[in-house]
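2 protein chains.
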Amino acid sequence: MSVTGPAGFRAAGVAAGIKDAGAKDLALVVNDGPRQTAAGVFTTNKVKAAPVLWSQQVLQERKLRAVVLNSGCANACTGPGGFQDTHATAEKVAEVLGVGAIEVAVCSTGLIGERLPMDALLPGVDAAAASLEATEQHGLDAATAVLTTDSRAKQAHRGHDEGWSIGGFAKGAGMLAPNMATMLSVLTTDAEISGEDLDEALRAATKVTFDRLDVDGGTSTNDTVLVLASGASGVRVDPAEFTRLLTETCQDLVRQLQDDSEGATKTIDITVRGAVSEADAVAIGRIVAEDNLVKTAMFGSDPNWGRIAMALGRAPAEIDVDEVAIATNGVTLYADGATASDRGEADLSGRHIEIVIDLQLGEHAATILSTDLSHGYVEENSAYSS
Amino acid sequence: MSVTGPAGFRAAGVAAGIKDAGAKDLALVVNDGPRQTAAGVFTTNKVKAAPVLWSQQVLQERKLRAVVLNSGCANACTGPGGFQDTHATAEKVAEVLGVGAIEVAVCSTGLIGERLPMDALLPGVDAAAASLEATEQHGLDAATAVLTTDSRAKQAHRGHDEGWSIGGFAKGAGMLAPNMATMLSVLTTDAEISGEDLDEALRAATKVTFDRLDVDGGTSTNDTVLVLASGASGVRVDPAEFTRLLTETCQDLVRQLQDDSEGATKTIDITVRGAVSEADAVAIGRIVAEDNLVKTAMFGSDPNWGRIAMALGRAPAEIDVDEVAIATNGVTLYADGATASDRGEADLSGRHIEIVIDLQLGEHAATILSTDLSHGYVEENSAYSS
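Protein chains in written order, with the numbering used here: chain A, 1 to 386; chain B, 1 to 386.
Calculated directly from the structure, the hints in this document are not laboratory data.
One or more of the hints may lead you astray.
Because identical chains cannot be distinguished in the list, a pair is counted as satisfied if it fits within a single copy or across any two copies.
Unchecked claim - Straight-line C-alpha distance at most 20 Å; calculated DMTMM-like pairs for lysine to aspartate or glutamate: (1) K63 x D199; (2) K266 x E379; (3) K266 x D199; (4) K63 x E200; (5) K266 x E380; (6) K46 x E114; (7) K266 x D347; (8) K46 x D336; (9) K207 x D269; (10) K46 x D358; (11) K207 x D197; (12) K207 x D119; (13) K46 x D322; (14) K46 x E323.
Same shape as in the complex, but just chain A (with noise of 0.2 Å):
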């Protein structure tokens, strides 16, 4: 279950013509409120994607209707005519529900550079909004209609106690390294939050989940984190649970994320502890994620933790080298500044990967989430455009 879930929800995912081979390729999601209460947080790419130029703009008033989302493209790069496409796309969409343009959020996804094919996209709306319901299905239709190059839909859903639920999808698997956030996702909510609230909850929940995330250093120009509150359970929700519990289903939806990378073989979480700064960790965590010698050697299930102390020597951070000790799969095999086990000792043969980096100079920890660097993604990467 994803955004269909909270009550007060309709979704659709259609074929619009946008993507070749008849795929889903735009997805709709409507709030029926009766509250229509909103918050998102968008790429920090200075080149941003014209849905994300538009979206940021709707969003200052933390009301949406609907988003409206299309995979197959970015819409990136584009100029104003690219722009004019997206304004195009919210305006269609507010007629054919009859609100206001000003509360239809937009996001697209795919190769950068291109326009939009607006002869294909402006009658999928219509498809679309024929077809929306509360149904399971509709809200695996929509998750569906973002992928590129996913292998498959990622969706969440938690329920809360006092009767009220969480719900989302979220697309990506390339050019996946949030700050904030490579990727697109929806959540929606049937709690009754204020908009202040719901937007201070969404950037701590994605902080620590969407934005630990690391894949391959590549933030992109349309990543967008968008939370829709309707308020239809009727109850109005502690800040501080409703931020607990949309932790947890953002979460849920980066390891989705996480595990169906492109290529990825190994799936690596790299705990920093003992830093004097969280943001220490955050750096330490960053760079030995993206390090493509650590990556390529976690392909091959090799213990080079040798790789992983060059990466951690370049992190704009404070250590002290003859304190760090680092583990992989719980074996140290580097402390007091030399070797402390053997390595042959650490069995990463695998498909999970823990790396525990552990500095001593203070209280701070963080984990990011990554990949390994396989032939599969330079297969995948090499021939995406052409």
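Following the hints, put chain B in place on chain A, whose structure we already have.
Here is chain B on its own, set in the frame of chain A:
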């Protein structure tokens, strides 16, 4: 010709048994003077190998009689025992040459986290000292003995009209993103120059050569570039003229490093111009050079400029998206905020690719040299230590 080109130098390269299979693995370069002026630049990685710590210390005197280098073991992350091994190596060289250990620099390259096999290394020093000569072949032997995954020796030599010259060798094939400098290089000259001028010239030359090579972002624990001046030509050089020729020699070596880097099927020059500062130009060039999505697209000969736009947008530098122009192999693909030419017009099928990013904001420029990300890189690096 390399380090034995300039007058006053002898070299040797022998198989000491540090590597398996009888490959050359120990090099010695000796400065017979009359002067022994020297300078060095070292890795900026916080994790520094024992030989780097040692050589930084001895270089404070700006005087070197000899450099001893080994491949097959980096002697990094080896604790106090590893430092003692480096010290003992310098002592051994000092003893056989009849000089002070404080006049001997040590360089190591190879796997991180392993101790040096001193029972092979120390007899190797005797063998190397016994075979020291000033011939071209002996220079090549030394250049060969430092190689790891390199497929060939890298040597350079430049003569000056006034009767002096500069020679050098370098090694480096992976973990290659100097700052300063992801590899080992020894340069020699028979020019007469003060220690201060030599140091300044080396810093100026490496800043625009070795520091602008970025294959995989992996600044290593052992990076060292040394320059030794014998004064044997009897010519007192103009420092500016010396810096010019030293830069040319370094650039020659860097081009060889770029061309021979692990798994490279393409050499890629990324020129960033119109930047508000040189630092901005370098930062953008580097982030594009390290981006796996750009690198895999280049491997596929795919002018997917959207990935270049994505990468530069995440650089810590000043950009105006609507002003940026991106060209590959002479064809402008993106300008004025939108597609400028069909990507099919840029032919990237050859081995060399030129990416030019014009920010159109200022007067500064820099070129970063890089390579693609290929199956060969993944293959080579997934099985290095095991």
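Verification of the supplied hints:
no., hint, result
1, K63 x D199, "within (11 Å within a copy, 62 Å between copies)"
2, K266 x E379, "both (16 Å within a copy, 16 Å between copies)"
3, K266 x D199, "neither (34 Å within a copy, 46 Å between copies)"
4, K63 x E200, "within (15 Å within a copy, 60 Å between copies)"
5, K266 x E380, "both (16 Å within a copy, 18 Å between copies)"
6, K46 x E114, "within (18 Å within a copy, 43 Å between copies)"
7, K266 x D347, "within (13 Å within a copy, 35 Å between copies)"
8, K46 x D336, "between (42 Å within a copy, 15 Å between copies)"
9, K207 x D269, "within (16 Å within a copy, 36 Å between copies)"
10, K46 x D358, "between (34 Å within a copy, 16 Å between copies)"
11, K207 x D197, "within (15 Å within a copy, 50 Å between copies)"
12, K207 x D119, "neither (38 Å within a copy, 53 Å between copies)"
13, K46 x D322, "between (38 Å within a copy, 11 Å between copies)"
14, K46 x E323, "between (38 Å within a copy, 13 Å between copies)"
Of the numbered hints listed earlier, those contradicted by the structure are 3, 12.
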